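Each chain, written out:
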Amino acid sequence: MDVPADLLKATIRAVAERITAHAEELTALDQAIGDGDHGINLRRGFGAVLAELDATAAKPLPEALRAIGTTLVMKVGGASGPLYGTLFLTLGKELPAAPTRAEAARALAAAIAAVQARGKSEPGQKTMLDVLAPVQRALAGADGPLGAALRRAADQAAEATVPMQATRGRASFLGPRSIGHMDPGARSSALIVAAVTEVLESAA
Amino acid sequence: MSNVGIVIVSHSPDVAKGTADMVRQMVGPEVPLAWCGGNPDGGLGTDVGAILTAIDQAWSDAGVAVLVDLGGAETNSEMAVEMLPEARRGRVAICNAPIVEGAVIAATEASGGAALDEVRRTAEELSPQ
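Chains R and B supply the protein sequences, listed in that same order. Sequential numbering from 420 applies to the first sequence in my numbering. Sequential numbering from 109 applies to the second sequence in my numbering.
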């Protein structure tokens with residue numbers, strides 16, 4: 420059975436609203452070690468996603484994800500646009516209309532590889548990958564209830580970026596001064612994981 | 109026009125336009141030239157749609173060299189190149205060079221009829237290896 424349109428709609432709305440609600444926090448994190456626009460840019464991008472919510476949620480899951488990816492690429496206006504855009508575009512390419520957990524884990528692994536290629540980065544460099552990679556491992560490894568485990572993996576991983584020194588992205592210009600701050604991309608990825616898992620959990 | 113085109117992508121419209129003004133004055137009109145800067149709302153940032161338009165405006169059968177400033181300008185330019193029609197994709201080079209000096213040097217090289225690889229190499233000689 421395909422993912423029901425109302426569940427898809429609730430999930431997209433939750434992600435967009437979560438990012439929007441935390442836009443100032445994300446911008447503040449980015450002001451500490453980046454160029455201070457992460458929250459503003461993602462709010463613009465996910466605001467555009469919300470504006471297209473009805474049309475997007477009416478599509479099958481893979482097409483909906485590709486539509487979200489394209490919107491983020493075109494609207495975000497910073498490096499996070501192509502990075503999150505590539506994540507959603509690849510998920511849309513790899514996921515079937517009604518994915519199993521194993522299929523979701525496989526698709527997320529492919530999407531993470533695409534983001535790595537887009538950003539010429541890898542885990543350990545204080546980026547969104549430092550959250551996405553452990554979340555993917557938790558998704559691939561776990562059985563039983565999943566939501567809380569994924570949120571815990573995401574939050575711990577975001578927290579673990581605090582003592583890292585950035586070696587990719589704008590924060591890398593700061594060298595050792597990037598230590599002591601959470602990476603804004605890691606935080607926004609954790610927020611997305613939290614929003615998605617909360618909706619899926621309440622629907623289960 | 110058969111000379112390589114030059115596209116300038118900055119976070120700031122002022123920087124992009126100012127760089128293009130320098131290229132026009134120092135190199136002249138023989139090189140197709142376009143610039144873009146600013147996010148989709150007009151603030152500092154870059155815009156994939158605007159980059160695609162600029163590549164189209166500066167299009168030459170000899171290809172287009174793209175000069176970028178920081179992080180997002182490069183990532184968004186790479187994204188834009190992937191979104192081009194397949195026949196054009198391989199004829200765009202994003203140059204690892206300082207944006208102002210790189211644009212002037214690349215345009216100078218292009219105005220003499222150099223091929224895209226040569227234009228890119230000349231601009232990238234400005235960057236420390």
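Derived by calculation from the structure, the hints in this document are not laboratory data. Check before you lean on any hint, since a few could be wrong.
Here are the simulated distance ranges between beta carbons [claimed, not checked]:
id	chain 1	residue 1	chain 2	residue 2	range
1	B	134	R	599	38 to 46 Å
2	B	150	R	599	17 to 25 Å
3	R	592	B	165	27 to 35 Å
4	R	539	B	197	42 to 50 Å
Derived coverage of chain B by chain R (criterion: at least 3 residues anywhere in the stretch with Cβ under 8 Å from a Cβ of chain R; other residues may be distant) [claimed, not checked]:
id	region
5	149 to 163
6	172 to 180
Sample of chain R residues facing chain B (criterion: CB under 7 Å; computed from the structure) [to be verified]:
id	residue
7	451
8	497
9	501
10	567
11	571
12	593
Since this is a predicted model, take the numbers as computed values, not measurements. All residues carry an ideal CB built from backbone N, CA and C; glycine is no exception.
Checked hints:
1. B:134 - R:599: 38 to 46 Å: holds (45 Å)
2. B:150 - R:599: 17 to 25 Å: Since the Cβ atoms of residue 150 of chain B and residue 599 of chain R sit about 34 Å apart, the hinted range of 17 to 25 Å is violated.
3. R:592 - B:165: 27 to 35 Å: holds (31 Å)
4. R:539 - B:197: 42 to 50 Å: violated (18 Å)
5. 149 to 163: Holds: 8 residues of the region 149 to 163 of chain B have a Cβ under 8 Å from chain R.
6. 172 to 180: holds (count 3)
7. 451: Not OK, violated: residue 451 of chain R not within 7 Å of chain B, min 16 Å.
8. 497: holds (4 Å)
9. 501: holds (4 Å)
10. 567: violated (34 Å)
11. 571: Check failed: Cβ of residue 571 of chain R comes no nearer than 30 Å to chain B, outside 7 Å.
12. 593: With Cβ-Cβ at 13 Å, over 7 Å, it is violated.
When the structure is compared with the earlier hints, violations turn up for hints 2, 4, 7, 10, 11, 12 and for no others.
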